[in-house]
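So the chains spell out like this:
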Amino acid sequence: MADVSLHMPHSDGLRRDGRLERLRLFGLSSPALLMVLVVLVIPVGWLFYVSFIGANGQFSLENYERMIERKSYYRIFVTTFQVSFLTTGLCILIGYPLAYFMSQLPNRWANIALITVLVPFWTSLLVRTYAWLVLLQKQGLVNQWAISLGVWDEPIKIVHNMTGTLIGMVHIMLPFLILPVYNAMKAIDHDYLKAASNLGASPRRAFWTVFFPLSAPGLLAGSLMVFVLCLGFFVTPAVLGGGKVIMVSMKIVSNIELFVNWGAASALGVVLLVLTVAILWVASRFTSLSNMTGGGH
Amino acid sequence: MTEVLSKALPITVRNVTKTYGAVHALDDVSLEVKSGEFLTLLGPSGSGKTTLLMVLAGFTRPDGGSLKFGEDEVIRKPPHLRDVGMVFQNYALFPHMTVAGNVGYPLRLRKTPKAEIDERVEQALETVQLGGYGPRRITQLSGGQKQRVAVARSIVFEPRILLMDEPLSALDKKLRDQMQIELRDLHEKLGMTTVYVTHDQREALTMSDRIAVVNHGRIMQLGTPQEIYDAPANRFVADFIGDSTFLPVIQENGEVTYAGTPLKHAGSPSRTDKLLLMIRPERLQLAPTDVSDTANLFEATVSNVVYQGDSYVMYAHLPDGTEVSLRGGIRGNAVAELAAPGDRVALALDAADTVLIADHDG
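Keeping their order, the protein sequence lines are chains A and B. In terms of the working numbering, the first sequence has 69 at position 42, counting the first letter as 1, and numbering is strictly consecutive. In terms of the working numbering, the second sequence has 455 at position 240, counting the first letter as 1, and numbering is strictly consecutive.
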């Protein structure tokens, strides 16, 4: 075969055309590659580099050693994971049924519901966070109503603590869970449920044996998105946590603003980045990450 | 699985009506499907055939009427308690389960012991000639294989009634022809009462014991394939099944005439309906080779001859301008010797093939 192909007409020219085309395509994509280099590779590389520079300006592991030695760092990581887990869990409990409800609505109503999910999503994060501060404070609307309705007797502390942080975080993260779950649910053919029913499954059995497993990739993708975003979240815990909920991102800020210690801040950033990538890697073994970015199945 | 035969159930549909707004999807439909029968609901899209099937399966709640499986009234029974097998148009195989997972699903719901499930799943897969395919993923299957898995899943729990909603429409022609025979054989073997929905008249003629032609939510005609084809009840049925040309005829003094010439015909429609003469292309013959004196003759001018490999079709105009077509077999150089466009020919239609039908659409 190889011999024959050598004698085929135009084989040299065609091969040269193929090479040229590959070169041209590479040339076309070079602006994008340059962009990736400038906004991703260099900054992250710089972050890694700075994290290995000690207070004396020399190469050192002190930024990492500090994290292991000091208990406060350990607590911060625990808090970060705690908040992230709780937020994700609450988002699933609230978001999954909501997405299910939306997915069963006729299209017109589903679109309206979708807009009500998206409008807060498009509103400034800061505005929403401060709005919660106003609502949740001692003399805020929530306390006033709860007391007048007799739910509780006197103002209780629901902000500047873990509760307030979680309320704010869940509110802000909810769309990130609802959208992929809703998408996954919309893609489930109703005939699957009909088939399950026809084969003898009660509505409940049909839900758990067919609907839920088919929506699970969306749920996993959404949960992952929420969890990963929570890990690096700053504004909401800073405003609603009242200094009682210290997350990694807040420690990074204080390292820079208070102590001007770029090395320590970078090292925290690196650890957060590595943890996030590790979690994504583990999760990618269970689901296609394209689910997360809306790339479909 | 031979004991199923004795467990096949008749279906009795009485006065079932379903409206969507002003549209009658089902208009007072009554129908009896005999125990073990293969009955096809045939009709164009939007005729109500699928709605009727969905009522049988329990997915569509009719406005009123009665539905009995055997002696049991099931009209208000939810689908998961009806115990009927169903093959969906798009197969509806669960993509998150393997082939064995899909086929075993109805058995797991019925709390069948694990070992028995495995055995019956394999048996059902062998029935559809997919023995050993259990561990495969659904996405690894071809269209024809998916179709077979869907059938296996619908028969594995030995339902006494099997419903099929255009199960072959997604397959290519060759596979469809093959599956028609296979499904028919399967029905012979398992013997469950089968209601089959299709818009493909050839499929209906090939597979069915009886055909119910459905249009506008009503059953236009119920009969064996031969009855439906040879003696259509009205113009709609005649038009929908097979190719035909209709000629206006006049009935007076006990005689039926076309263009002034009395027609020799077999049966005579009793009523004084407006009548049409139905001409099937394969029943027309070129005269005069051996015209019997029981044939009607028509003068015509050939307009076109189309070669179709296994046969030819000749289009010709009658004096009043109506175009009729004639289908003939091909042997040797028959085509080369045929009349050319512009030639005048005589067409013969045997009295037995001279079918008069009522000129209404039901």
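Think of the hints as simulated: they come from the structure by calculation, not from any bench. Every residue gets a Cβ at the ideal spot worked out from N, C-alpha and C, and that includes glycine. Incorrect hints may appear among the rest.
[Claimed, not checked] Which residues of chain B face chain A? A partial, calculated answer using Cβ under 7 Å:
#1 THR265
#2 LEU268
#3 ALA272
#4 PHE303
#5 PRO321
[Claimed, not checked] Heads up, simulated DSSO-like pairs for lysine-lysine below, C-alpha to C-alpha not over 27 Å straight-line:
#6 B:LYS329 x A:LYS213
#7 B:LYS388 x B:LYS404
#8 B:LYS329 x B:LYS283
#9 A:LYS221 x B:LYS329
#10 B:LYS249 x B:LYS404
#11 B:LYS249 x A:LYS184
#12 B:LYS489 x B:LYS479
#13 B:LYS329 x B:LYS389
#14 A:LYS221 x B:LYS479
#15 B:LYS404 x B:LYS389
#16 A:LYS184 x A:LYS165
#17 A:LYS221 x B:LYS489
Results of checking the hints against the structure:
1. Because the smallest distance between the Cβ of B:THR265 and any Cβ of chain A comes to about 12 Å, over 7 Å, the interface hint for this residue is violated.
2. Hint status for B:LEU268: violated, given a least beta-carbon distance of 11 Å to chain A, over 7 Å.
3. Here the hint on B:ALA272 is kept, as its CB sits about 6 Å from the closest CB of chain A, short of 7 Å.
4. The criterion of a C-beta within 7 Å of any C-beta in chain A is met by B:PHE303, whose closest approach is roughly 5 Å, and the hint holds.
5. Because the closest C-beta pair between B:PRO321 and chain A is about 4 Å apart, less than 7 Å, the hint holds.
6. Of the pairs offered as hints, the one joining B:LYS329 and A:LYS213 is violated, with about 33 Å between alpha carbons and a cut-off of 27 Å exceeded.
7. Proximity of B:LYS388 to B:LYS404 is assessed by CA-CA distance (about 24 Å); at most 27 Å being required, the pair is judged to hold.
8. Restraint check: the Cα-Cα separation between B:LYS329 and B:LYS283 comes to about 33 Å, which exceeds 27 Å; the hinted pair is violated.
9. With a C-alpha separation of about 25 Å, the suggested pairing of A:LYS221 with B:LYS329 holds against the 27 Å cut-off.
10. Distance restraint check for B:LYS249 and B:LYS404: the Cα-Cα separation of roughly 17 Å lies within the 27 Å cut-off, and the hinted pair is therefore satisfied.
11. Straight-line distance between C-alpha atoms of B:LYS249 and A:LYS184 comes to about 73 Å, which puts the hinted pair past the 27 Å bound.
12. Using a Cα cut-off of 27 Å, the hinted pair B:LYS489 and B:LYS479 holds, with the two alpha carbons roughly 18 Å apart.
13. At most 27 Å may separate the alpha-carbon atoms for a hinted pair to count; B:LYS329 and B:LYS389 exceed this at roughly 38 Å.
14. Restraint check: the Cα-Cα separation between A:LYS221 and B:LYS479 comes to about 54 Å, which exceeds 27 Å; the hinted pair is violated.
15. A C-alpha spacing of about 23 Å is found between B:LYS404 and B:LYS389, which places the hinted pair at or below 27 Å, so the restraint holds.
16. Distance check on the hinted pair: A:LYS184 and A:LYS165 sit about 6 Å apart at the alpha-carbon level, within 27 Å; holds.
17. For the hint pairing A:LYS221 with B:LYS489, the CA-to-CA distance comes to about 46 Å; that exceeds 27 Å, so the pair is violated.
In this structure, the hints that do not hold are numbers 1, 2, 6, 8, 11, 13, 14, 17, in rising order.
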